[in-house]
Amino acid sequence: MKQGTAHITANICNKFGNDRTRLMDIAIAVQERFGCVSHEAMEEIARAVGTQRVEVESLVTFYSFLSVKPQGKVVIRLCSDIVDWMKGYSEVAEAMARELGITMGETTPDGAITLTDTPCIGMSDQAPAALVNSVVVTHLTPERGRQLVRDLRRHLDPQQLVTMVGNGNNEHPLVRSMVRNNIRMRGPVHFAPFEPGKALLKAFELAPSDVISEIKESKLRGRGGAGFPTALKWELAANTPGEKRYVICNADEGEPGTFKDRVLLTECAEQLLEGMTIAGYAVGSDTGIIYLRAEYRYLMPYLQSKIEGRLKQGFLGRGILGKKGFNFDIRIQLGAGAYICGEETALISSCEGLRGDPKNRPPFPPQEGYLKRPTIVNNVETLCCVSRILLEGAKWFASIGSANTTGTKVLSISGDCRKPGVYEVPFGITTRELIELSEAENVGSLLIGGPCRQMIGQVRLDGQICYDDLATGGAIIIFNGARNKLEIAEHYLDFFIDESCGHCTPCRVGLTLLKNLVHKVISGTGEPADLDRMRDLSNFIINMSRCGLGQAAPNPVLGALEIFGDASGGFVAERKPGLLPEFDLSKAVIDAELRVGRQSKYV
Amino acid sequence: MSRISFTIDGVTVQAIKGQSILKAADAAGIYIPRLCAYRDLVPHGSCRVCSVKVNGRIQAACVQTVIEGAVVENNTPELEEYRSNIIDMLFVEGNHFCMFCEKSGFCELQALAYRFGIAVPKYQFLYPKREIDMSHPHVYVDHNRCILCGRCVQASQSMDSKNVFQFIGRGIRKRLQVNGDSLAKTDLKVTDEAVSVCPVGALVRKRVGYETPVGLRRYDEAPIGDDIEPGKGDR
Amino acid sequence: MQAKTRIATVSLSGCFGCHMSLLDIDDRILKLAELVEFDRSPINDFKDFQSRCAVGIVEGGCCNEDNVEVLESFRKNCDVLISVGECAITGGINSMRNNIPLKECLDEAYLKSPGVYNPLNKIPNDPEIPLLLNRVYPCHEVVKIDYFIPGCPPQADALWDVLVALLSGKAPVIAYKNHKYD
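The listed protein sequences correspond, in order, to chains G, H and Z.
First residue of the first sequence: 0, per numbering that gives the first Met the number 0; consecutive thereafter.
First residue of the second sequence: 0, per numbering that gives the first Met the number 0; consecutive thereafter.
First residue of the third sequence: 0, per numbering that gives the first Met the number 0; consecutive thereafter.
Hints are computed from structural coordinates only; laboratory data are not their basis.
Where hints are given, some of them may not hold.
What the hints assert, rightly or not - Under the rule of at most 25 Å between Cα atoms (straight-line distance), these lysine-lysine pairs were calculated in the DSS-like manner:
no., chain 1, residue 1, chain 2, residue 2
1, Z, Lys143, G, Lys586
2, H, Lys161, G, Lys371
3, Z, Lys46, G, Lys600
4, Z, Lys169, H, Lys231
5, G, Lys311, G, Lys322
6, Z, Lys121, Z, Lys102
7, G, Lys371, G, Lys201
8, Z, Lys143, G, Lys519
9, H, Lys231, Z, Lys176
10, H, Lys121, Z, Lys102
11, Z, Lys169, H, Lys121
12, G, Lys519, H, Lys121
13, H, Lys16, G, Lys371
14, H, Lys121, G, Lys586
From just these sequences and the hints, can you work out the full model?
Here it is as structure tokens:
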């Protein structure tokens with residue numbers, strides 16, 4: 000390692016206090032400075048923070064935005080989510096690769112540009128989209144892809160690609176992004192006017208335990224999708240003895256097809272920061288962390304400025320709004336490309352400067368979370384709800400929505416519909432209404448995203464969005480009747496295989512085996528028993544996996560099977576005696592035929 | 000120390016508060032199959048072989064602490080099938096050539112497969128490409144056989160006061176890695192506990208293989224778990 | 000006297016160790032001879048099926064096109080097929096090549112490896128030499144297999160117990176001490 004390089008790396012470590020728990024920030028900074036975290040840099044980092052190289056390597060190799068091998072000065076990450084596929088990903092990818100003269104995953108020989116793909120970047124409403132370093136480009140076409148490459152070749156400056164900015168705060172000088180909000184329906188919780196500080200003052204009129212009671216009365220449940228009662232989580236953390244507690248905002252919106260937090264972070268930042276502060280007051284915490292997914296890095300300077308603004312206004316910092324003894328500060332922890340970090344214990348691991356492996360439970364985070372201290376992790380939308388509940392009262396909030404699921408839900412609707420975008424709707428709305436709102440036609444199936452991710456067909460169109468029926472973290476993806484459901488399932492399996500942390504066997508190995516089975520059926524060599532095998536394997540993975548990823552990943556497969564019913568869409572044939580249909584002798588001998596130079600006598 | 004009582008397959012078991020179900024079962028002479036869990040190492044909870052049903056929900060017995068009055072199911076056809084599936088998966092995930100492996104007869108993965116009566120894994124073999132690190136004079140790492148149980152990672156830290164091993168990558172590409180360019184560049188000693196705790200033939204001491212004749216090896220006659228609950232694993 | 004059950008055996012890509020193990024049932028071989036009639040088998044050196052068989056015992060995996068052809072004929076001519084030994088069940092030692100492209104394997108074996116004398120610099124191409132498959136396939140990935148007897152080779156007792164059970168119409172069980180992968 001060159002002296003200068005070592006010096007810069009050491010400086011970066013120093014900037015983060017040579018703190019082992021800030022290894023994420025250090026690795027991200029080194030990656031941005033050098034285009035990789037080399038083994039030499041790992042040695043240097045390990046020395047500075049007092050750990051071993053293999054520990055740093057363990058972290059670097061876990062996150063897809065970090066790399067051991069050098070990447071180009073500019074990295075184009077083309078979003079390969081299923082919605083992007085439906086909107087022309089393949090053609091754009093081919094155009095860009097051809098223009099660059101490389102294939103997907105490669106870097107141009109001059110080391111300037113890397114082209115790679117990446118799972119959902121939260122832009123399904125404006126797909127196909129890509130990240131160019133941290134700059135978002137949307138509505139790509141093959142021609143625009145080629146032009147983008149030509150432009151980059153000239154200036155290598157992603158920011159110059161933004162020639163037209165989006166609406167709302169996307170125009171803000173610290174954002175300046177071409178992203179559009181696409182807010183199609185404004186509800187009373189998130190998109191009503193919000194005056195900073197007022198909800199906080201309301202909270203201060205109450206004792207911390209009464210704030211929790213207020214939240215309890217509102218029946219607020221986690222908006223990430225699992226729907227755990229927020230007040231219960233807070234109560235558990237508040238009642239766990241400890242000198243320090245943490246409030247973490249989960250802004251790692253990685254569920255494919257979800258982009259509502261992107262809009263909330265852009266348009267409701269004050270409401271979110273205030274919600275975190277109220278949470279801090281309620282559970283007795285003085286530190287908040289926003290875990291911001293790497294894909295939303297373009298929002299970071301803006302969010303940072305909002306935090307600083309609130310510090311100046313006395314909404315953050317020491318003795319907030321004159322309340323003696325209540326101090327609260329917020330820092331942003333950037334992620335580095337790992338879907339699993341949306342799982343709260345994995346998110347905590349990541350904040351601690353570790354691989355994003357979920358932790359064993361019990362203990363649960365409110366008992367023992369970040370740095371082994373009581374920690375609450377809440378979704379962006381949940382924390383925004385908190386501010387509104389304090390402003391308008393629990394009763395008002397509870398009067399919206401369905402019986403057991405109060406309030407509104409911000410949905411991200413995309414796919415085969417005319418009006419993709421963000422909809423704030425009362426809970427209890429039916430899927431049929433959503434289809435009408437988004438102007439979708441010839442609907443074949445819907446994917447309701449979230450930890451209870453499921454694919455539903457025509458029969459369930461009267462299903463309600465709520466925790467008793469169709470629970471969702473916010474993603475609604477619409478597929479028209481012409482789409483092949485098993486192919487959709489296979490696409491999602493590919494995603495989960497890439498994003499599995501690999502800790503537990505059922506998820507690590509099972510998903511690959513399930514994908515192979517699905518692929519076998521799609522390729523026409525399946526037999527009826529394979530459908531049962533798919534069902535059994537799916538149930539095994541769901542029942543035996545350690546965390547929510549594996550417990551939900553096979554759901555699209557089960558959904559597809561359910562929609563099929565007994566008819567398997569002509570994919571599956573009864574087996575004939577003799578060779579198995581999946582064994583193809585002509586394919587099996589082709590390598591030898593080519594190398595040896597003669598044809599098999601049996602083919 | 001407060002005592003807790005719960006049942007495993009209908010048998011009442013006494014346990015200490017805070018104890019894992021696995022430890023409590025061991026003490027009561029009830030064998031719950033397990034693979035990654037090892038004596039006093041902090042449970043890794045990764046293999047999921049020790050999954051049991053606790054009040055109807057599947058939990059890893061190594062991680063889940065005892066609950067007063069809980070109804071734990073251990074030997075049910077469903078759980079037995081699930082455990083067997085895991086062993087199948089571990090066999091097809093790597094390249095396990097028992098016929099020339101020094102660990103054969105002592106291997107816990109193999110022993111569980113024997114106990115479960117697995118003749119052939121129910122899944123297709125993946126035949127991955129894996130490396131072997133022979134650089135160290137006394138120990139080698141064969142990634143073909145590694146099942147990512149994490150025993151060596153933890154034993155190196157907590158028992159050897161080193162940090163020789165860690166995991167890199169994620170998902171199906173997750174691998175064991177050593178702290179250096181090769182095993183020889185680490186401070187691993189042949190006497191390290193990290194080597195001893197390997198349940199399979201992934202970490203092997205050189206030049207001591209096949210010492211025990213076939214027939215006298217650990218799992219040749221008695222199934223794994225027979226020391227905890229004799230006579231249950233035989234067919 | 001009742002007609003004897005017809006049995007066929009074959010060693011595909013294996014080492015004949017499983018067949019040796021079958022002979023290792025010692026004096027029980029006499030009893031076996033009373034129960035069964037060997038059809039196509041290396042034991043009597045019949046190269047073709049004489050008639051339909053009740054049981055086919057397959058040793059070895061499928062490494063080449065001939066293996067596939069033979070296995071297919073076993074499936075067609077036998078009511079019950081048993082995969083015997085690790086090569087048939089897992090691909091065995093041969094499958095160590097399964098993560099290396101065939102071209103690399105052939106080049107290494109016939110062109111590059113130290114000590115190779117091959118002045119024509121060609122991969123052998125005699126029509127008598129069957130073409131290798133891109134990888135080694137366990138038998139059950141090529142045809143349906145009904146029973147599996149693991150071991151390298153399987154214990155003689157395991158072979159005996161399974162055969163006797165099948166011949167007497169019972170479900171075969173391999174005792175713990177005979178259930179081995181080595």
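(message) Would the hint linking Lys169/Z and Lys231/H be met if the CA-CA limit is 25 Å?
(response) holds, 23 Å
(request) Verify the proposed pairing of Lys311/G with Lys322/G, using a straight-line Cα cut of 25 Å. (result) Roughly 15 Å separates the two Cα atoms, so the pair holds.
(request) Given the hint that Lys121/Z pairs with Lys102/Z, test it: the Cα-Cα distance must not exceed 25 Å. (result) Roughly 12 Å separates the two Cα atoms, so the pair holds.
(request) Given the hint that Lys519/G pairs with Lys121/H, test it: the Cα-Cα distance must not exceed 25 Å. (result) holds, 15 Å
(message) Between the alpha carbons of Lys143/Z and Lys519/G, is the straight-line distance 25 Å or under?
(response) holds, 16 Å
(message) Lys16/H and Lys371/G were given as a pair; does the straight-line alpha-carbon distance stay at or below 25 Å?
(response) holds, 21 Å
(message) Against the 25 Å threshold, does the CA-CA distance of Lys371/G and Lys201/G hold or violate the hint?
(response) Roughly 31 Å separates the two Cα atoms, so the pair is violated.
(message) Please verify whether Lys121/H and Lys102/Z have alpha carbons no more than 25 Å apart.
(response) violated, 30 Å
(request) Verify the proposed pairing of Lys231/H with Lys176/Z, using a straight-line Cα cut of 25 Å. (result) Roughly 14 Å between the alpha carbons, so the hint for Lys231/H and Lys176/Z holds.
(request) Verify the proposed pairing of Lys121/H with Lys586/G, using a straight-line Cα cut of 25 Å. (result) holds, 24 Å
(request) Assess, step by step, whether the Cα of Lys161/H is no farther than 25 Å from the Cα of Lys371/G, and give holds or violated. (result) Roughly 23 Å between the alpha carbons, so the hint for Lys161/H and Lys371/G holds.
(request) Sort out whether Lys586/G lies within 25 Å of Lys143/Z, counting only the CA atoms. (result) Satisfied, since the Cα-Cα distance of roughly 19 Å is no more than 25 Å.
This entry does not satisfy hints 7, 10, going by the numbered hints stated previously.
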